[in-house]
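S.K.: First to last, the protein sequences are chains A and B.
All the letters of the first sequence, read from the start, carry residue numbers 106 to 281 under the working numbering.
All the letters of the second sequence, read from the start, carry residue numbers 106 to 281 under the working numbering.
The set of hints was computed from the structure by calculation and includes no laboratory data.
Hints should not be assumed to be uniformly reliable.
The list cannot tell twin chains apart, which means a pair is met if one copy fits it or any two copies do.
[Stated by the list, open to error] Heads up, simulated DSSO-like pairs for lysine-lysine below, C-alpha to C-alpha not over 30 angstroms straight-line:
id, residue 1, residue 2
1, Lys108, Lys184
2, Lys146, Lys235
3, Lys146, Lys266
4, Lys270, Lys234
5, Lys235, Lys182
6, Lys234, Lys205
7, Lys165, Lys205
8, Lys221, Lys184
9, Lys108, Lys182
10, Lys165, Lys182
11, Lys266, Lys184
12, Lys266, Lys235
13, Lys266, Lys182
14, Lys266, Lys108
15, Lys108, Lys270
Given next are the chains, with one letter for each unit.
Protein chains: 2
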Amino acid sequence: MNKGLLIVYTGNGKGKTTAALGLALRAMGHDLRVCVIQFIKSNNDTGESLFSEEIKRLNKLFDFYVLGAGFTWSSAKLKNHVQAARDAWEISKELILSEKYDLIILDELTYIIRYKMVNEDEVINFLSKKPENLHLVITGRYASELLINAADLVTEMTEIKHPFKNGIRAQQGIDF
Amino acid sequence: MNKGLLIVYTGNGKGKTTAALGLALRAMGHDLRVCVIQFIKSNNDTGESLFSEEIKRLNKLFDFYVLGAGFTWSSAKLKNHVQAARDAWEISKELILSEKYDLIILDELTYIIRYKMVNEDEVINFLSKKPENLHLVITGRYASELLINAADLVTEMTEIKHPFKNGIRAQQGIDF
């Protein structure tokens, strides 16, 4: 039996969530059961979310939870964000322990640790005791030292060149 | 109409091919037509290759060309590698100009430039004149300065922590 890895994609460059989705595709090719939990994003019309609906017709398990409150960080809405983040973490814990999946992606979990929406020690402690065969992937900037220490594989994505700086806007199918 | 981007994922960290596959998944969610061309890898039993077969049943276009001669760099086989790489590049040019795809991934193209199996100037010149709406993704270590200059988006994946160093072997569904 494989050992389940704890994988972290961090850094300021593009490709973190995208790499996690690539793992999802590869895993589904081998009939692994995949779950994505998005902690910040709130939109259900991304390519990956739409794809998760369609792929059910192939009897692949690719469950997709969009649990964030979006990227609007106005102070009036901050309370909603904190509650959404805490709820998402509670749901994640259940899903991690459910044995329904071989690969679970905790997309942008790092932000809710960074902004102290959840207790870091509790999160790291829980992740360290994940089911042995389960692969867990965590994405987002600002991966903490504790998280990096707990991980098996850490890649930092660094921005070398970004198209938005040349006036090119975010594009369907590439950026979302 | 979107402007097609030239995207490069480079660096020594894991996640380059994986991020390209994530873009493929996202793009397919929006019904874009995707093609992957692998320049070095020679095995047809990766998760991504298996997935490309299955996805046809959803009427998605996800063509997958495994054109490499593998990772065995013995000098006796080097001639085969050079020929395989040149053939793959010729096929890529046709596919890029075919207008059959919205996204084409040239997986590990950087190596055949680095090892001078193809002429760098010719490659960069051709890529710079790609069809305007086509997104092109190039992966592999050692992306050259010319390639980075030609690209719209460049992310460097840096290895922070690698599980093989802790004695964990490559795993189906994650590494291939």
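S.K.: Each hint should be assessed against the structure and marked as holding or not.
M.R.: Structure-based check of each hint:
1. Lys108 x Lys184: neither (38 angstroms within a copy, 38 angstroms between copies)
2. Lys146 x Lys235: within (24 angstroms within a copy, 33 angstroms between copies)
3. Lys146 x Lys266: both (24 angstroms within a copy, 27 angstroms between copies)
4. Lys270 x Lys234: between (42 angstroms within a copy, 21 angstroms between copies)
5. Lys235 x Lys182: Neither, since 32 angstroms and 44 angstroms both go past 30 angstroms.
6. Lys234 x Lys205: Intra 17 angstroms, inter 47 angstroms, cutoff 30 angstroms: intra-copy only.
7. Lys165 x Lys205: Both, since 12 angstroms and 27 angstroms are each at most 30 angstroms.
8. Lys221 x Lys184: within (13 angstroms within a copy, 57 angstroms between copies)
9. Lys108 x Lys182: neither (40 angstroms within a copy, 35 angstroms between copies)
10. Lys165 x Lys182: neither (36 angstroms within a copy, 39 angstroms between copies)
11. Lys266 x Lys184: The answer is neither: 35 angstroms in one copy and 35 angstroms across copies each exceed 30 angstroms.
12. Lys266 x Lys235: between (36 angstroms within a copy, 19 angstroms between copies)
13. Lys266 x Lys182: This pair counts as neither: shortest intra-copy Cα distance 32 angstroms, inter-copy 36 angstroms.
14. Lys266 x Lys108: between (36 angstroms within a copy, 16 angstroms between copies)
15. Lys108 x Lys270: Only across copies: Lys108 and Lys270 sit 15 angstroms apart there, 41 angstroms inside one copy, limit 30 angstroms.
Comparing the model with each earlier hint shows violations of hints 1, 5, 9, 10, 11 and 13; every other hint is respected.
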